[in-house]
Every structure is written in structure tokens, then in C-alpha cells.
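Q: Put the two chains together into one complex; each comes in its own frame, and the hints tell you how they fit.
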Amino acid sequence: MQDVIENLSRTIREAASRRRPLCIRGGGTKDFYGGETRGDVLDTRACRGIVSYEPTELVITARAGTPLAEIDAALRAEGQMLAFEPPRFGEGATLGGCIATGLSGPRRVYAGAVRDFVLGVRVLDGSGNELRFGGQVMKNVAGYDVSRLMVGSLGTLGVLLEVSLKVLPLPVAEITLRREHSQTEALALMDEWSRMPLPFSASCHAGNQLCFRLSGAEAGVRAAREKMGGEEVADGTAFWEKVREQRLEFFGQPGPLWRLSVRSSMPPLDLPGTQLIEWSGALRWLKSDAGAAMVRDAAAGAGGHATLFRAEDKSAGAFHPLPAALMKLHRRLKQNFDPAGILNPGRMYPDL
Amino acid sequence: MRVVAEKLLVDLARQRQVVSALRAFLPESAVLFDEEDVKPYECDGLSAYRQVPMVVALPDTEEQVCRVLSTCNEMRVPVVARGAGTGLSGGALPLGNGVLLSLAKFMRILEVEPRSRTARVQPGVRNLAISEAASPHGYYYAPDPSSQIACTIGGNVAENSGGVHCLKYGLTVHNILKLRVATIEGEIVEVGSEALDSAGYDLLALMTGSEGMLGVVTEVTVRLLPKPVCAQVVMAAFDDTEKAGHAVASVIAAGIIPAGLEMMDQAATRAVEEFVHAGYRTDAAAILLCESDGTEEEVAEEIERVQKIMEESGAVQTQVSRDEAERLRFWAGRKAAFPAVGRISPDYYCMDGTIPRKRLGEVLRKIARMEQKYGLRCANVFHAGDGNLHPLILYDANVADELQRTEEFGAEILELCVAVGGTITGEHGVGVEKINQMCVQFRGAELEAFHGVKRAFDEHGLLNPGKAVPTLSRCAEFGRMHVHSGEEKFPDLPRF
Numbered sequence: 586m587q588d589v590i591e592n593l594s595r596t597i598r599e600a601a602s603r604r605r606p607l608c609i610r611g612g613g614t615k616d617f618y619g620g621e622t623r624g625d626v627l628d629t630r631a632c633r634g635i636v637s638y639e640p641t642e643l644v645i646t647a648r649a650g651t652p653l654a655e656i657d658a659a660l661r662a663e664g665q666m667l668a669f670e671p672p673r674f675g676e677g678a679t680l681g682g683c684i685a686t687g688l689s690g691p692r693r694v695y696a697g698a699v700r701d702f703v704l705g706v707r708v709l710d711g712s713g714n715e716l717r718f719g720g721q722v723m724k725n726v727a728g729y730d731v732s733r734l735m736v737g738s739l740g741t742l743g744v745l746l747e748v749s750l751k752v753l754p755l756p757v758a759e760i761t762l763r764r765e766h767s768q769t770e771a772l773a774l775m776d777e778w779s780r781m782p783l784p785f786s787a788s789c790h791a792g793n794q795l796c797f798r799l800s801g802a803e804a805g806v807r808a809a810r811e812k813m814g815g816e817e818v819a820d821g822t823a824f825w826e827k828v829r830e831q832r833l834e835f836f837g838q839p840g841p842l843w844r845l846s847v848r849s850s851m852p853p854l855d856l857p858g859t860q861l862i863e864w865s866g867a868l869r870w871l872k873s874d875a876g877a878a879m880v881r882d883a884a885a886g887a888g889g890h891a892t893l894f895r896a897e898d899k900s901a902g903a904f905h906p907l908p909a910a911l912m913k914l915h916r917r918l919k920q921n922f923d924p925a926g927i928l929n930p931g932r933m934y935p936d937l
Numbered sequence: 192m193r194v195v196a197e198k199l200l201v202d203l204a205r206q207r208q209v210v211s212a213l214r215a216f217l218p219e220s221a222v223l224f225d226e227e228d229v230k231p232y233e234c235d236g237l238s239a240y241r242q243v244p245m246v247v248a249l250p251d252t253e254e255q256v257c258r259v260l261s262t263c264n265e266m267r268v269p270v271v272a273r274g275a276g277t278g279l280s281g282g283a284l285p286l287g288n289g290v291l292l293s294l295a296k297f298m299r300i301l302e303v304e305p306r307s308r309t310a311r312v313q314p315g316v317r318n319l320a321i322s323e324a325a326s327p328h329g330y331y332y333a334p335d336p337s338s339q340i341a342c343t344i345g346g347n348v349a350e351n352s353g354g355v356h357c358l359k360y361g362l363t364v365h366n367i368l369k370l371r372v373a374t375i376e377g378e379i380v381e382v383g384s385e386a387l388d389s390a391g392y393d394l395l396a397l398m399t400g401s402e403g404m405l406g407v408v409t410e411v412t413v414r415l416l417p418k419p420v421c422a423q424v425v426m427a428a429f430d431d432t433e434k435a436g437h438a439v440a441s442v443i444a445a446g447i448i449p450a451g452l453e454m455m456d457q458a459a460t461r462a463v464e465e466f467v468h469a470g471y472r473t474d475a476a477a478i479l480l481c482e483s484d485g486t487e488e489e490v491a492e493e494i495e496r497v498q499k500i501m502e503e504s505g506a507v508q509t510q511v512s513r514d515e516a517e518r519l520r521f522w523a524g525r526k527a528a529f530p531a532v533g534r535i536s537p538d539y540y541c542m543d544g545t546i547p548r549k550r551l552g553e554v555l556r557k558i559a560r561m562e563q564k565y566g567l568r569c570a571n572v573f574h575a576g577d578g579n580l581h582p583l584i585l586y587d588a589n590v591a592d593e594l595q596r597t598e599e600f601g602a603e604i605l606e607l608c609v610a611v612g613g614t615i616t617g618e619h620g621v622g623v624e625k626i627n628q629m630c631v632q633f634r635g636a637e638l639e640a641f642h643g644v645k646r647a648f649d650e651h652g653l654l655n656p657g658k659a660v661p662t663l664s665r666c667a668e669f670g671r672m673h674v675h676s677g678e679e680k681f682p683d684l685p686r687f
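Residue numbers (our numbering), protein chains in the order written: chain A, 586 to 937; chain B, 192 to 687.
Heads up, some of the hints might be wrong.
Reference listing, derived: stretches of chain A covered by chain B, where coverage requires no fewer than 3 residues with Cβ under 8 Å from a Cβ of chain B [to be verified]:
1) 602-611
2) 615-627
3) 641-651
4) 736-743
5) 761-771
6) 813-825
Since the hints were made in silico from the structure, they are not lab data. Ideal Cβ placement from N, Cα and C applies to all residues, glycine included.
Next up, chain B with everything else stripped away, as it sits in the complex (with noise of 0.2 Å):
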């Protein structure tokens, strides 16, 4: 498997200044430099991209991350930001020649507060935890990425994270009211409110999802939503790929929003049906999944009518889950589909692209195509309600030219969804993986109004310089998201 990380050399004498410059106001223990100490930072949930950072610095206070972002700045040396570091797109790869700046000790949840029905809470909290917090009141934070359990909403904030339920709920923007941001020059700015909207520029908007190229967050106010009272989700198998698209679009024609709406392609379902038995019809040609929630009148009402389309879509099979075990096995499977591709594969390769719904279709028959032209397998998990597509290419690294074939699939993919007027990236970000595509997706006058944008937060580039917009001069290749079977950063966690 290759391995990108330029070993830069640390020049020592620079090191030494930035250590001892950072250990005016921090503990010993909180600025690390020691090959051994800062290796644990050197790659993100894309462990393909591998980069030891010259110093990692681990302030736990407000204060003192101004003082860290002052200090680079006045000294020129470029800063990456770093929650749990489960990101897909190397957004948290760190630099030879910079500082890695952890948030890990950001782990306080400052106030749940259930009257304005909203968590305050420091960029390190993970995802879950808020609404664990939450949860003796009757809420819940509503985004929730494939890696709750771990990533930390800082990053949640970095990435405009969204997860199964956003079609109905939103995304991470919609779900925030409020940020504490450092800038690089060491000031906090307070962006968003606790009302509904504030005066100026919608910088709470633009800081979500940049990367960590635009400030440091130091604190997130959310916003907390009642716990729906009850769950229950159809599943439905069908014998063709176009007709579980129609009952996708059937479903949204009917005005029902459902609260998930997933599909997999058959050779999804199979590697996940092996793995972890959750009742799919392995000779379906697709598996959809409708889920409603709401009251139980509101839930009842909506599940019979999502059966009805389902089956007048022409599902050979539709089943409604009966209570809550049967809810979460119907989940469990979908939730499970990349542990499962990586069980079938030496290796996979997860594609991350959106497009309108009514071009899946044409899409996957155009991805089969590609499966002849590459030689190569593929399977496909859909985030069907918002066009959210995984593609999974499956391959062995370790067979000669099978990685470039798939890195070349993997770009006419990305190629296509831009084609149908989709984009490259619709939930892991941009990071380092995706940054060459960038330039298919945008031409040089929004390159540089985003550089433009950048240089109004940070003058000199140092915040995650080289991730997420690329320079024009770079608009050239293409780089890509691989999991090596035992090798991912984080094989635990699930993806979807």
C-alpha cells in the first residue's frame, strides 16, 4: 500500500525555537517534539497520507490556544488543528514543519441548558456525548456521523458533518447556533448567537466545514431537538437498481420526508449479509431503507404510506420493522456495510460523491460499465435522500497496477458526479485527498475568491495551509481515500 508521507527532515534549530517559544506558557508536558511522543499525530482517519508534525502542542485552556495561534503566526509557522482525528480526507494531516495543535483536552461539556434547548460545549466533546448529556431531558443533537461514538465536534464543525438522519434534521450548520473561534492572530470571535440569527455576514455559516483553514473553534453552542417519541423504518428489496431509485423518488413525490432514506447495491447487501445477518434479501438487485419517526400517530401514518409506494414501486419484498431490536438489526446491517466490503477485499476505496437522485440510475449503470473497463469490483451504499453516494471500489494493493486502476476509477467517479451536476465531496471534506479534484469541480475565478476568502482570516497561510482549495499552479492529479484491510486508522468504528 503506498504510503504518502514526505519524510521531511525537522530542522532542528527551528524546532527548538518553536518548542521553547511555546513552553513560555505552556507546561513542559504540553508541547511535544520527541519522535516517539508526536508519531500518534502523524495521520488522520486517512492513514494512507502519513506526516509526523515538528511539534504538537496541547493547550487546555481559551487562552492559552490564542497564545498558540499568536506565537505561529508571529513566527510563520503553520498550524493544524486536531480533534479526534477521525476524519476521512487527511483535513488533520499534520506538517513537517509545523504544530500540531490538539484539542483533546477540550473535553467539557460547559451546560446543557434545557430551557433554550441547547448544549454548550468545548470543540473536543465528542459527537455522542452531547446527547448523552442531553438526554435526562428528553433531547438529542441531531447530526450523527458513521463515527459518533469518537469524532468531536470541533471537528464535526471543521467538516460540516452530517449523518443518516440529515435529510430531515440537516446537517451541522443547521444544527449550531453559536462558535467561539481563536483566529490566527490570537483574538476570539464570537460568530452566530443565541438567537435565531445575528447581525453582519453569516460567518457562522462560512466557518462551517472550512477546514480548519478560517480559525480555531474553542467552544460550540448546539442546538438540542426533543427526542422523537417513536421510530420505526420499512425495509424494502426490490429486483432492479432503477426501480429503487423511482420508489426513492416516489417516496419525496408523496411529500413525506422521511427522517433516513438508505439503499445498497447488491454486492453491498451480500458482503453485508455475510457479516452480520440483518435479514436482506441477498438476490435483490437493491435494499432500500425508509425510516420515520415522530409521534406515534405521525410514525404510523407515514410508515404505511411509505409501504404502500414501496410496494406499488415494485418491491418484491417490503417488511416494517416490528419493535426496536428489529429497528436497529434492519440498521445495523447498513451501518455495518464498510467493515463488511473490507471483509470481502484486501482493500477498498471509499468514493464520497453527491449527485441529484433522479441520475443514480444512470450513474450506477455507468459505474458498472467502469467496473468491466477497470477490471475492478465495486460496491455501492447510497445515502438515497440527499444523493449522498459510496461508492466502494474494491482491490488488492499488493497486486501489481490494481491500485492505479482503481485510482483511476475512483477519478472517472468523481468525474461523473460532477458530470450530473453532483459534486466530489458530499460529507468527508476535501482535505489533502480530494484537493486535486477541486479543480474539476471549480474553475480559477472560485479558486481564488476561496484563497481571497482565506486571506481575510489568515494573512499569511498558516492555518491547514495546502488542504481543501488548491493553488492554480496544482490543479493537476488526483488523490484518493484507501482502506487497507487491518490498517485503518480506526478499524473499530463504523462508516456509513
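Bound conformation, chain A alone (with noise of 0.2 Å):
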């Protein structure tokens, strides 16, 4: 494996000496996110592979190109999962990719983020030099925390080589409901829910529908259950498996498709288009031709930003615009790791 790095390392070193860009590619699922790829193809497949997997120790390490069906059927094997659900938007989608982009999925809000669960990374900066931060322990507070800095960096920090992560014991039961609600109703009734503890796992909100996963030990669930009615999905796992991956009939819709993180509480967000809801209110997605600074405005307004996820046209920008004080420190991060900014420059923002 050590010749697979060292070439990558070279291509790099050469890079930066020509100070030509590298688009880091693995299984090119998410090409579609953030700004524009350019630049030549620095392909991770070859850097494949889990490096070791203790399911006493709730660890996995992985390297980046390791495609994600792979992960998951390890884990599977064990009872175990990565409890973020990562969305995988086609066959080769590896760790490394869902580690740069740093989406989550259904269970999100419920188990925690991408960034929740890594613990170390092995990365490539910009000159080509190998980096290890973090580990593979639970509580490490040696040093800045680089690895998660790296979770939703796009890239543009470094190459990811390899990924120590936690994962966590499948649920015993999970089950599965759908009560019909307008929206309104669904966001005061996922609202009232999420301030008890009950065993939630996901949730998802489109048309009149609300469906909202249980997860956990039989008693917890059965119980929770009762409480909170609703009509059982029959295939629960499939359901979410669409959700995640942006395959129900929502997501067909034409149209720019934009991705809002808002404070959960806020009641129904007033925009032209039609919305999805998921994480109890935190996450909603738009299907709508509103202009950006609407969209934006709307999500600020709510205490979050707003994402352009998937659009022909991304000229008003794939992510929020970020203060002038903010956007400085993000400069001089990327001028730390990459100086000769050829790692996938523009992905996240015009200058990083």
C-alpha cells in the first residue's frame, strides 16, 4: 500500500509544483456537489481496503478509497453500523468521499453526524506530505482536533488516505409508522416528540405524510410505540434506504434542489416550491426555482444556512456565503494545508 501512497504523494509534489490543480476523485458519486470539479483526476480507488475492524473496540478503520458497501457489509456481518447512514448516491461511492462531503443520513439527528463518529485520519496535504491525526480511541485530546476539521472539507484540505471511525451496535427492534399530517401539524407533533426521550431514529415529512422510524431495545420500542401511534411501513429499511439516497418520488421533481439546516423548532418555512422534512424539523429540503438570496435569507433567518444541492445552474454559489472575519480564517486554514491551492480549488468556494 505504501507504493499506492507514495504515487499519489509524486502526483501531489508535481501538482504543486506546476501549481496545477487535482480533482480528488474516488467513486465520483458526488461529483455533482459543491462547485464545479476542475483540474486533473487524482483517483483513491487504489488506496482501498479496512485496515482493521474490532467490533469490541467500536472502531473501524478504513482506507479512503474503500467503497461504502463494502464498510457497511463488514459491519453487518458484526451487528454493527455506521450510525450517521451516509448517503451513497451510486454503486462506487468509497469513505473517503463521505467523509469530504460530510453528509449524514436519516439517523442523523438522532445518533450524530460524520464528524460525531471520526476519530483519526491519515491525510496528504497539498505538498504532498503524510499526515496522521487523532487515532483510533474514543477520547483523544492531543493536538487540534484535524480530523474533524477535514469532515466536509471537500477536499480542499488534503487527500484523505485512511479514516478511523466509531460505530455502534445495530438496534435490537426497529419499527417503522406513518400517520397522516399536513405539515404544519408534523412539525408541532416532531417537535413535542423530540423534547421527550423516546427512542426516534428518523423521520420524514412529505406530502401529508409523516413517517418516523423507532429504534432501540423491544421494550423501549413497544412502549414508544403505543404512545405514539400510527400505522406500521411494511418495509421499514427500504423506505429510509429511498430517503437517504433521494430516490422518493420528492426528489423526481424537476428543478433546482436546495438543502436548508435550520434551528428544529421553526415552523414551516414560507417559500414557493415544495418541501421535504426530515431530522424533526432540522433538515428541509426545497424543490423550487426561488431566487438564492431568498432561499438563503430564508434559512439564515431560521438560524441555519442553505445549501444548492443539485442544480444545472450553480452560479449563485453551492454553499451559504460566509462572513468576512469567517471566510479570512477558512484563507489562511487552506493556505496551512495547501499553499499551492491545487487541491480541489473552487469545490467549496471560489478562493479555497
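A: Now the structure itself:
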């Protein structure tokens, strides 16, 4: 494997010396995400394989080019899972892309996000130096938390080689229920439920249907089910996979797709288009032709931010603009890890 | 006992300049420099290291904090931020040529928002005060470091504090949503948001645990959790530490994430039992405490499974807490482990490594061998759920060369932690204490990257300089936490 890493490192060093941008890519399933990709493709898929997996340690370490499906299968065989339910968006999705995009699925609001499970990383910086941060243990406060900084940084700070993640046991019992509610009712209900100690693990409202999942110990799930009511959805697993992979009808509608991450207790956001709600109200997907400024103002007003998730035209910028003082810190961090500015330039913000 | 205090002579002319610059916008009472006024700030919970600061500033508005910082930046005066000063690694140790920026006046809970389950608080608010304020709404703030009655949330953010429940509920980084941070340039940046994520790099994570090196936190928004309806604990005694280690692994392998999972070896158990009479078996080689929380149905189901696993793993005795009083009594023993050890030895030195759980047996065996090698006893308490090991080396500083042997013993333990795939510090932070051991854990390239991160926030290296990340030229010797009985800075605070 060291030869694979040396090859990657050499490519980076050469690109840096010529200031030629590199486009870091694993399975290419998330090319659509963020700003436009440019530069020579740096394929990470040769850097592949599970390095170590100790179920009783609740830790898996795998190389960045490892397909998520392979990791999923290994965990499932031991009754464990990546609790943040990362979306694949295609067959070849890799661990590296999962970490670099920092996207989490339906269980996120209840179990935690990708960043909450990252324990350590091995990366190549923009000069081709191999760096290791964090480790394979749950508690580690030695040095700055660069591992979590890498999550969601879209490859602009380094090329991921290896990642250690905390994993969790699969729930003993799981059930998906459905109730009919308008958006306003559903939001109020999810808000009320989220203030109680209930074993929630997912929620999704689209049209007039509120679906939610309960996970945990048998007795706890049974008791909560009685409390909350609703009709059982036959194939819950398939349903949440469709939510996660954006294969529900909602996502098939034409037009740009926005992702609004907001304060969960916000009532319905008054925006043109249709919305699908996840994470007990904290995540609102919007299919709309509304202008970027309008959508972003609404998200900011709700304590959050808006991402132009899928669109033909991303000239308005994929990500929410940052205040000047924050952007200055971003530029300096980028300069530190990638002084030549060759790693995925423009993928996050035009000047990173 | 060695006092590592470099008695720098204060540059009086410089001191006058700084005092007058700060008094331009702070009242006289908020800028201290007389020896007797600044003396109380000379150390934090790691009292072996002492240094009187040149000036202490006590602002009470965010704007004043920004002005203190920008003034120091312009004058190139180093600044050390401080909350309650309960830290165990010397992170708040002042500088003789610097300003000690106390956040003690930032004690207000600005808002408890039951609908969004958040609380917005100032950095000087005590950890436990947040849970107390949230309690009428049925919520609490999950991270519970042992010093929670005194330590402040600002310090918790700086150290990424955990607690006995962090396997299930996470560390500070998992339980905060947003920070307002004053930069050394005197600008306010907001990192994180009221939503579950935010645009750009995850500076919330980067800032958490950065030991005051990147900015000064002026406001924290924390996530609150609904209080569990009930909690119960299983106490299990083992005649062999390896068996206890296997029991821990078996609980996890069974798909259980306990709310707390703690272990003590015989030396620790005996010291504790004599002290608080928690009901531990003193003939056991190790005691495990495993807590379950949640709804009554969940707890009943989980406790039954845990007890069965303990028995199958060879526990010589198991006992389930019958009521809240008994649950608290079981915990009282564990929580008194540090002071109990303090009673049986004139001094002890607490280590804070984390190891992969599966290496526990091996690590304890090697530590036992080191006890022979150094001629010193060691009691071990272990946050078994997350692998955080606190060996307490017993020594007497008044015996010639015991301190030196203790230091060598401690150094060998930390190196062992790194060698088995762990880390030199799980929760106490690097501070000044473990700065040299950073050289064992990281190579030059990573240390350089850390310095680069620091420069991105603090170009002139003025925020808490000399802590947490060693310069490459410094990577040489080792430092420690020492507690001398009666001389501990916070003798009444629980430490576990």
C-alpha cells in the first residue's frame, strides 16, 4: 500500500510545483455536490481496504478508497453500523467521499453526524506530506482536532488516505410508522416528540405523510409505539434507504434542489416550491426555482444555512456565503494545508 | 515537592504600559497588577506549576474582551484565558510577561430555550449550573466532568471535557452547537449554528479542545437532552483484571452502549472502600460499574442482560442497585477514587492515557511490572467504556529520588499508551504538563501542521503560547501532574 500512497504523494508534489489543480475523486458519485470540479483527476480508489476492525472496540479503520458498501457489509456481519447512515448516491461511493462531503442520513439527528464519529485520519496535504491526526480511541485531546476539520472540507485541505470511525451496534428492534399530517401539524408533533425521551431514529414528512422510525431495545420500542400510534410501514428499511438516497418521488421533480439546515423548532418556511422535511424539522429539502438570495435569507432567518444541493446552474454558489472574518480564517487554513492551492480549488468556495 | 515556577522578574515599565492601555477602557478594579491581587491566579488545578501573571484583566462585556485582545495583539503581549482554573494540565498557567484574561464575570445563563432544547450561556457559567437551569424543563447538559460543580463551560470547550457518561452521550464537541469567539485581532466570529451543521469548515470542532490557543470563547450554545426517566447500575466483582476486561468487551459485543462503564483495580478499590464504604469487595482484583439509563422498560431489559454477561464473564459477585440511594452509593466509591488514593499516600501523580480496550490486560500487566521496576505502587481507575486509563502513581516527595522515579514511571506509562495505539491524554489536555510527550505521539510534520493552524488564527503566537503544541526544538524532556496531599488546588473537588 505504501507504493500507492507514494504515487499519490508524487502526483501531488508535481501538481504543486506546477500549480496545476487536482480533482480528488473516488467513486465519483458526489461530483454533483459543491462547486464545479476542475483539474486533473486524482483517483483514490487504489487506496482501498479495511485496515482493522475490532467490533468490541467499536472502531473501524479503512482506507479512503474503500467502497461504503464493503464497510457496510463488514459491519453488518458483526451486528454493527455506521450510525450516521451516509448517503451513497451511486454504486461506487467510497469512504473518502463520505468524509469529504460530510453528509449524513436519516439517523443523524438522533445518533450524530459523520464528524461525531470520526476518530482519526491519515491524509496527504497539498505538498504531498503524509500526516496523521487523532487515532483509534474514543477520547483523545492531544493536538488540535484536525480529523474533524477534514470532515466536510471537500478535499480542499488534504487527500484522505485512511479514516478511523466509531461504530455502533445495530438496534435490536426497529419499526417504521406512518401518520397523516399536514406539514404544520407534522412539525409541531416532531417538535413535541423530540422533547421527550423516546427512541426516535428517523423522521420524514412529504406530502401529507409523516413517517418515523423507532429503534432500540424491544421493550422501549414497543412502549413508544403504543404512545405514538400510527400505521406500520411494511418495508421500513427500504423506505429509509429511499429517503437517504433521494429516490423518493419528491426528489424526482424538476428544478433545483436546496438543502436548508435550520433550527428544528422552526414552523414551516414560507418559500415557493415543495418541501420534504427530515431530522425532526432540522433539515428541509426544497424543490424550487426561487432565487438564491430568497432561499438563503429564509435559512439564515431560521438560524441556519442553505446549500444549492443539485442544480444545473450553480452560479449563485453552492454553499452559503460566510462573513468576512470567518472567510479570512478559512483562507488562512487553506493556505496552511495547501499553500499551492491545488486541492479541489473552488469546490467549496471560489477562493479556497 | 517541586514547584515549577519560573520567577520571572516583572518588567515594570512594560507592566505600566499594559495597565494604562487596558485602563483606557476597563475600570481600575478590572485591571490587577499588585503582587497580592494577581497571586490567586498563579496556577490552575495543576498546582505544581506556578507563575504570577504580569497583569490580570477582568472584563465583563464581550466588547471589552475584544479590546483586551486587540490591545494585546497590537502591543505583542501574550494572553492566557482562564475560567475557574480547575484544569489538570496547566492550560491556564499564566505568563510572567503576559495578561491573564479572566472570564470569571461572564456568569450569566442568557437563555434556556425549551422548544429547541438549547441553552445559550456565557463562558464563565459552571457546567452543573447549566443542568440546574435546564432541570425545570426536564432537560440536562450531558457532559459531566468530575469537577462539574466548579469548572466552567468555557474551560470545557477549551479542553473538550468528557465525563463518565461520554461513551453514550459524547464529549463537549458532540454537545455544543455554536460558539461566539473573540479572535486575537479583536473580531467576533460565530462558529457552528443553531442548526445541526453550518457552512464552511468545521471550526466548531477545531475550536473545541484547542486549549485557548486559537481564540477566546465569549458565548456557548449547548444542546440539552431530555433527562432519562430512570437509571440503574450493576456492580460486578472479579478475581482477575483480565476477566473484568473481557466482561467490558462482552457488554459491547452484545450491542449494549451503557450510560457509564467504569473499572477499578484492587489498589484503588481498597483505598476507596476504607474511605467511603461504598460496599465494594476488597478481595476482588477488579470492580466494574455498569450503568443503564432510559425509560423503565429499556433499563430493566438492559440491566438484566448486563448482569447475565457479567456472570458469564466470571464475576464472583454481581449486585444491581435497588434504589437511587444505592445507585449513588455505588458511584460514590468510584467518584472518590482520587481523594481516597490521596489519603493512603503522601503524594500521587495522575496519568491520563487512552488505550484500545482490548489492550487493557496487557497494559495493566506491564504497569504492574513497572511497579517492581521503579519500586512504587500504582492504583488504576479506568473509564473502561471509552478506554481512558488513569493510573495513579503513589509516591512521597520527601523521599529522595521518589519524585524522579515517579516521573520516569509516568513517562513509561504514557509511552506504553502510545505504543499500544492510544494517546497521551484522553481528557485532561496537554497544557504545559504533557507538552513534551506530544513529541512521542506526533512527528515533526504533524506538529508543523498544528503550528500552521495556530498561525491561521493567531499570527504572532500570543494566545496561550507555549502550551499544547511543542516547538520542534523543544521535544526533549517530560512533565507531570503532581498532587501533594493538602496542597491540591481544589482538594474538595471530586476527580475521576
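Q: A separate judgement is required for each hint: does it hold in the structure or not?
A: Now the hints, each set against the structure:
Under a criterion of three residues with beta carbons nearer than 8 Å to beta carbons of chain B, the stated coverage of the segment 602-611 of chain A fails, only 0 such residues being counted. With 0 residues carrying a beta carbon less than 8 Å from a beta carbon of chain B, the segment 615-627 of chain A misses the three-residue requirement, and the given coverage is violated. With 4 residues carrying a beta carbon less than 8 Å from a beta carbon of chain B, the segment 641-651 of chain A meets the three-residue requirement, and the given coverage holds. Judged by the Cβ-Cβ criterion of 8 Å, the segment 736-743 of chain A is covered by chain B as claimed, because 4 of its residues qualify and three suffice.
With 0 residues bearing a CB less than 8 Å from a CB of chain B, the segment 761-771 of chain A misses the requirement of three and the coverage assertion fails. Under a criterion of three residues with beta carbons nearer than 8 Å to beta carbons of chain B, the stated coverage of the segment 813-825 of chain A fails, only 0 such residues being counted.
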